[in-house]
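For this one, chain A is given, so just place chain B on it according to the hints.
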Amino acid sequence: MFANFDFDVIRRALPYLFLDGMTFTLTLTALSAVGGITLGTLIALMRLSGFRLLGRIAGLYVDFIRSLPLVLVIFWFYFLVPYIGQWLTGSPRPIKVGAFASSLITFIMFEAAYFSEIMRAGIQSISRGQPAAAQALGLTYSQTMRYVVLPQAFRNMLPVLLTQTIVLFQDTSLVYVVSIPDFLGAASIVGQRDGRLVEMYLFAALVYFVISCVASFGVRRLQTRIAIVR
Amino acid sequence: MNYHWNWHIFFEPNPTGAGTYLDMLLSGLWLTIATSLCAWIIALITGSMIGVMRTLPSKPANLIGFAYVEFFRNMPLLVQIFLWFFVLPELLPNAWGLWLKQLPHAPFYTAAIGIGLFMSARVAEQLRAGITSLPRGQKQAATALGLTTTQSYIYVLLPIAYRIILPPLTSEFLNTIKNTAVAITIGLLELTGQARSMQEFSFQVFEAFTAATVMYLAINIVVVVAMRLIERRVAIPGYISGK
Chain A
1 MFANFDFDVI RRALPYLFLD GMTFTLTLTA LSAVGGITLG TLIALMRLSG
51 FRLLGRIAGL YVDFIRSLPL VLVIFWFYFL VPYIGQWLTG SPRPIKVGAF
101 ASSLITFIMF EAAYFSEIMR AGIQSISRGQ PAAAQALGLT YSQTMRYVVL
151 PQAFRNMLPV LLTQTIVLFQ DTSLVYVVSI PDFLGAASIV GQRDGRLVEM
201 YLFAALVYFV ISCVASFGVR RLQTRIAIVR
Chain B
1 MNYHWNWHIF FEPNPTGAGT YLDMLLSGLW LTIATSLCAW IIALITGSMI
51 GVMRTLPSKP ANLIGFAYVE FFRNMPLLVQ IFLWFFVLPE LLPNAWGLWL
101 KQLPHAPFYT AAIGIGLFMS ARVAEQLRAG ITSLPRGQKQ AATALGLTTT
151 QSYIYVLLPI AYRIILPPLT SEFLNTIKNT AVAITIGLLE LTGQARSMQE
201 FSFQVFEAFT AATVMYLAIN IVVVVAMRLI ERRVAIPGYI SGK
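These protein sequence lines map, in sequence, to chains A and B.
Here the first sequence stands for residues 1 to 230, where the numbers follow my numbering.
Here the second sequence stands for residues 1 to 243, where the numbers follow my numbering.
Be aware that a few hints might be false.
Partial selection, computed: residues in chain B whose CB lies under 8 angstroms from chain A [as the list claims (entries may be wrong)]: (1) Phe86; (2) Glu90; (3) Lys178; (4) Ala181.
Taking beta-carbon pairs under 10 angstroms as the criterion, some of the chain A residues facing chain B (in silico) [unchecked claim]: (5) Asp63; (6) Ser67; (7) Leu68; (8) Pro69; (9) Phe75; (10) Phe79; (11) Ile166; (12) Phe169; (13) Leu174; (14) Ser188; (15) Leu197; (16) Leu202; (17) Val210; (18) Ser212; (19) Ser216.
Read the hints as simulated data drawn from the structure, not as lab findings.
Here a beta-carbon is modelled for each residue, glycine too, at the ideal position from N, C-alpha and C.
Chain A with its partners taken away, still in its complex shape (with noise of 0.2 angstroms):
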């Protein structure tokens, strides 16, 4: 069964899958969370405002996102976003976006939906008395939520955005539809390089499969250690 299976030509790929393809994950991953989770936590904020039109509005993105399919999306953004940056910058025809650029939209403008649930959930876990007793001390809004409401609702919710994000690692490998080198991506192409499509797969469903228990492992750890007491 592994009588043909040739390690060296992994270990050759080594620092092109790692230094390439990882990288590109990695830096994907972590700005599309952080991106994800900034304008979701807005989203989450413009559903919980108070103001009809605006509740509505994020509710209806966040409803349309999840029903369609990340790979769906993906191709979208693809295509619109160069045609997107036409409109914005004014060129006479659709501007050409980088691969990491087009994929980073992508992503922050998937995942927002998601985090955006999340956050929401974190937010209407606080009980009342936090926003009035801060707005009883004179806080504004955005301070009342700066200061009291968003901190406290991160803290909660601090697993879950971790365990989301890990799945947001997951989902990178998508990427792979669009011809984009991601890890998975640049393992594929050393593979078919190579006529070395089992090796190489099964050496990248091992370093996912290694790097997703190790995170989820810290993220239960972390769950426990800083549960609040209460």
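Below, chain B without anything else, positioned relative to chain A:
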């Protein structure tokens, strides 16, 4: 924008020679539905077995269930599909591998099984949560009545647990439908795949993806409405979802 919109494209004949572009998309829609239903059946059956195993009072069963869930949850779906499609036939004895490779509709079977097993880990976790959320008295009462473990699961625990986890199961089913789009990578021409090939043949990018988007939204609405009806039918009075 100098993009040429052409909404009539859907009624123009497609290059495969069989019908219009709309027919192409509809066949993709059908394949998406068929794949997700097959995957969902696999996910429900294996997920239920693993979920039950994780709640049994037996160490080995627990461990197997735990390992199963961790294995399928910690790898991207795309990688799992590649493992089933490209790697498995190579690792099997030659004759079996050859048979697998020559199997007609291989992408369809691979997608159904791959996505089904991927989702089964999630179903298992939901079912475990549902069973552990039941008051301990249920199990004890069943035992006191003289039911065996199997009987107490079949007649007491599972019927309630399934009803409690119906809402999360609905979203897992929606996830299954969305995940079938990943099978585009192994050449399954489901809805996203057909939209992509329509875009490649006709250069009408946005029309193709708009149509696919509308179809996905329609599937979602149908599933959500249908599940809400079922939820109302099977709700247990006295529980949050009950009347």
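Here is what the structure says about each hint:
no., hint, verdict
1, Phe86, "holds, 5 angstroms"
2, Glu90, "holds, 5 angstroms"
3, Lys178, "holds, 4 angstroms"
4, Ala181, "holds, 3 angstroms"
5, Asp63, "holds, 9 angstroms"
6, Ser67, "holds, 4 angstroms"
7, Leu68, "holds, 6 angstroms"
8, Pro69, "holds, 3 angstroms"
9, Phe75, "holds, 6 angstroms"
10, Phe79, "holds, 5 angstroms"
11, Ile166, "holds, 8 angstroms"
12, Phe169, "holds, 8 angstroms"
13, Leu174, "holds, 6 angstroms"
14, Ser188, "holds, 8 angstroms"
15, Leu197, "holds, 5 angstroms"
16, Leu202, "holds, 6 angstroms"
17, Val210, "holds, 8 angstroms"
18, Ser212, "holds, 4 angstroms"
19, Ser216, "holds, 7 angstroms"
In the structure shown, no violation is registered for any of the earlier numbered hints.
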